[in-house]
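4 protein chains.
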Amino acid sequence: MKLSFNTWVYSSFPVWVPAYPLDEVIRRLARLGYDGIEIGAAAPHAYPDYLTAERRRDIKQLLDDNNLAVSSMLPAPGGGAGFNVASANPAERAAAIDMYKRVADLCAEWNSPTLLYVAGWQVFGTSRAQAWAWSRSALEEVADHAAGHNVTVCVEPTSADSNLIDSCDDTITLIEEAGRPNVAAMFDTFHTHYRNEVPTDYVYRLGDRLKHIHLSEADRNPPGTGSIDFVGLVQALRDVNFDGYLTMEIGFSRRAVDPDDMARQSITYLKSIL
Amino acid sequence: MKLSFNTWVYSSFPVWVPAYPLDEVIRRLARLGYDGIEIGAAAPHAYPDYLTAERRRDIKQLLDDNNLAVSSMLPAPGGGAGFNVASANPAERAAAIDMYKRVADLCAEWNSPTLLYVAGWQVFGTSRAQAWAWSRSALEEVADHAAGHNVTVCVEPTSADSNLIDSCDDTITLIEEAGRPNVAAMFDTFHTHYRNEVPTDYVYRLGDRLKHIHLSEADRNPPGTGSIDFVGLVQALRDVNFDGYLTMEIGFSRRAVDPDDMARQSITYLKSIL
Amino acid sequence: MKLSFNTWVYSSFPVWVPAYPLDEVIRRLARLGYDGIEIGAAAPHAYPDYLTAERRRDIKQLLDDNNLAVSSMLPAPGGGAGFNVASANPAERAAAIDMYKRVADLCAEWNSPTLLYVAGWQVFGTSRAQAWAWSRSALEEVADHAAGHNVTVCVEPTSADSNLIDSCDDTITLIEEAGRPNVAAMFDTFHTHYRNEVPTDYVYRLGDRLKHIHLSEADRNPPGTGSIDFVGLVQALRDVNFDGYLTMEIGFSRRAVDPDDMARQSITYLKSIL
Amino acid sequence: MKLSFNTWVYSSFPVWVPAYPLDEVIRRLARLGYDGIEIGAAAPHAYPDYLTAERRRDIKQLLDDNNLAVSSMLPAPGGGAGFNVASANPAERAAAIDMYKRVADLCAEWNSPTLLYVAGWQVFGTSRAQAWAWSRSALEEVADHAAGHNVTVCVEPTSADSNLIDSCDDTITLIEEAGRPNVAAMFDTFHTHYRNEVPTDYVYRLGDRLKHIHLSEADRNPPGTGSIDFVGLVQALRDVNFDGYLTMEIGFSRRAVDPDDMARQSITYLKSIL
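Protein chains in written order, with our numbering: chain S, 903 to 1176; chain V, 903 to 1176; chain Y, 903 to 1176; chain W, 903 to 1176.
This is chain S alone, in the form it adopts within the complex (with noise of 0.2 Å):
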């Protein structure tokens, strides 16, 4: 299996600070013996209006140059602009549909297979159904848009952050509405977690469904240093020959971090497991 750092930590979201220009991420990662990058659509990394024509090629060179894939790419929910399919105002759901269009464009530029989907949330006022309702509009649209890209949209259970798509069989029936072949699932630890569920029955129950994942122990630290079973999760990706990208999404949520230590913690004990 494929090994993958997310650039959350060393990005501006959600804390400001540390925060390194892509062109230094990319190169660290890759020294570090990555195989692949997922790219957060934050500044100061790859926010699509901050990004020409030119730095989108110049930053295809230094990845190619530095034999580093890019495994996933996504949007930034929750800043000022939201970006919640899920949300009362038509506006905010049009800005939304739009940036994960725009992200699915840099996957086709960057060749990421994958554009990951947060789901939405309900806000106060709005029922779970009608959320719900938009929240699938907007995946099919996101969908049919990266279809033409050849990319696969992996929606994602995110019940530490939010409050629509919570669980394993939450994500399959929205997959199943969305009824898209290029529609699939992954899961984070640190959201089963969260629920206190068993990160291999995500596995199991999400079988060939299952695309990406993310790995994090509680707190967002580094696999290896908390208490989630990442032997038996291994075994059980093997279970369903999983073939894609373990992905770290760690360290972000907090500013007393050290990006590359995180970056450095994970694969040596990733490598010390597989």
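Check each hint, because a few of them may be wrong.
[Said to hold, decoys possible] Listed below are the simulated DSSO-like cross-link pairs for lysine-lysine, each with C-alpha atoms no more than 27 Å apart in a straight line:
{"no.": "1", "chain 1": "S", "residue 1": "Lys1173", "chain 2": "W", "residue 2": "Lys1173"}
{"no.": "2", "chain 1": "W", "residue 1": "Lys1003", "chain 2": "W", "residue 2": "Lys962"}
{"no.": "3", "chain 1": "Y", "residue 1": "Lys1173", "chain 2": "Y", "residue 2": "Lys904"}
{"no.": "4", "chain 1": "V", "residue 1": "Lys1173", "chain 2": "Y", "residue 2": "Lys962"}
{"no.": "5", "chain 1": "V", "residue 1": "Lys962", "chain 2": "V", "residue 2": "Lys1003"}
{"no.": "6", "chain 1": "Y", "residue 1": "Lys962", "chain 2": "Y", "residue 2": "Lys904"}
Derived from the structure by calculation, the hints contain no laboratory data.
Let chain S serve as the given structure and place chains V, Y and W on it in line with the hints.
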């Protein structure tokens, strides 16, 4: 002194839930007895892109109906867009300046006398001198735009979150360099606590430059529940004839929070010491 | 609003000791000033199999003598018998439905207007849709039986313990699907706290569907000893004209507990804020 | 010495989730390398009421196919039915005795040599002498039934949960009073730790009466993760020629647990010290 409450904890910034429509927040804060509201320009409340002219008028009407003043406004830095006025990326700096101007326009429409200014942060690879220069230049451009609306721009030192304008004297230096009559200062007891500094030192040092203040205990808890000396702070504010709003900016750093409870605890405590 | 106290902490469910005969519990709660008692159908109190007709009459007499109403009743899920209405085993589902019916019969005999419904949980290998369908079917059968006794069945979201009916909207959906006039909702502040949700959101969202409520701090501690905003909750209940019982369901999760102390602390605090 | 693993953590007793079908548990424990399984008579695994004759045969076949022995069985005390053999309610005592007999029948069918006996607890209002007499009488009746199946009944002191048979000597006294050849002893390091007692003291004091043992750290954590001296315990067991199963009874007291991880950690540690 008048009391105001910041809307982050009721919004999707920075954590996504709980989130309430702005109408609900206005009614609740008014019922709890607040004089003012500090409106953050974040979804689902007041992200400028999502507000139609009709919606802006409706909010103004609702504020008036509930006898609730807008004490102040501020953008939401750190989402995907970053809005770092000290970013090395000129597109991000331009977007940040534009965002401040649009929030200044909202201040004008909703009679907010005050716009808060977060002065940005240094990204790895940018010198402090360069970051400072960009931040100062942005401040001047924002202030000149705000001046046309009779809006005062208050520079806030944000040591806990950033690395550029950290201290009382950084703030004074930036204000003096800007040299605009509508540029003033504010500070937040959360940030002075982070630096192990004494809040009243800021009051006496800033003097009549001080036009706004944020009250918070450590961990963004309500005033009166922690270790900060708000009795002494109120005395110091009286000593310098402060006549702005005491504004709670609390609770927003985590999901596990009851916003109304935060607002009730704060006003109950502050009325007991004023 | 009337006050009631749940009997688990005085029973052998789920922890075995301390345990008291039901007669003792009735006398103690009445003496402490409670209006009602919520009787769990567990040994040594009210497991239906163990109650003779004479014993049932004696308990009714004792309740009347002590001027203590039965606010509500509920079975004990999760022992050897499970009583999971969403179990894949048809014998377990049938036993669970039968248990609910027998507790409904006890409600009738002891004048309890309310029967609580724990909607079961997903076992590995059962899809959520299937578990939901079984739970809904069981609810309908239980409700129809209870209707003959003029007993209302209140669905409780139990996020901390289960994985099927977790949220406010899950509850509403299940109620609406059942479509019976004697099916309503309740919630427990212990479970909303587990989900990091705001109790008053449940009150306003459930509105006149809300017929019962459990009060508890985190860790099943008495109201007023923790962080939950019961002042705000009582205000919200008044806003929606709630006229049911405020029922403490506390202390039962551990052996190291003094049940009378739990009951006394709760009533003292609640009378101080009502 | 052979290693076995108790099923509670995979069942709905006492916490409802996570829960797995017994088939799944048998396959997983066998794959992890266990010699035996201790099957608790709780849903969804082996509540006697819910097991058809066909299902019993299928489970036997699955055990044989996976080369997994049943080391032992036990009922689940403390649910709604209580199953307290020392209850003041004769119906509850009769139900408890009947449950033990039915689990003994399952032992016979699945070749389990051992049935565990939880000796009940004193409810307020019952004297210890009376509770003891009821418990002893029940034990005699259960043992005589089990004798017909060549099943040994092992009395377990459960100090952490009960208040009747708390100590090593309570256990010996009860066994001697029963005076049946198929009544023996067991103990659990979780309970000796609760009483601040030394596990090897139990081994030497019980001697050849000791036929079964439960291994657990404090908080029902896996052996090897806490403070208990399992190296010394294994030596003592060898000293007394113990030839039963070392059985893990762990993890079941809470929801936040990964059962496979518990099972894997335990067997890895125990194989390292045996």
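Give me the numbers of the hints this structure contradicts, sorted from smallest to largest.
4
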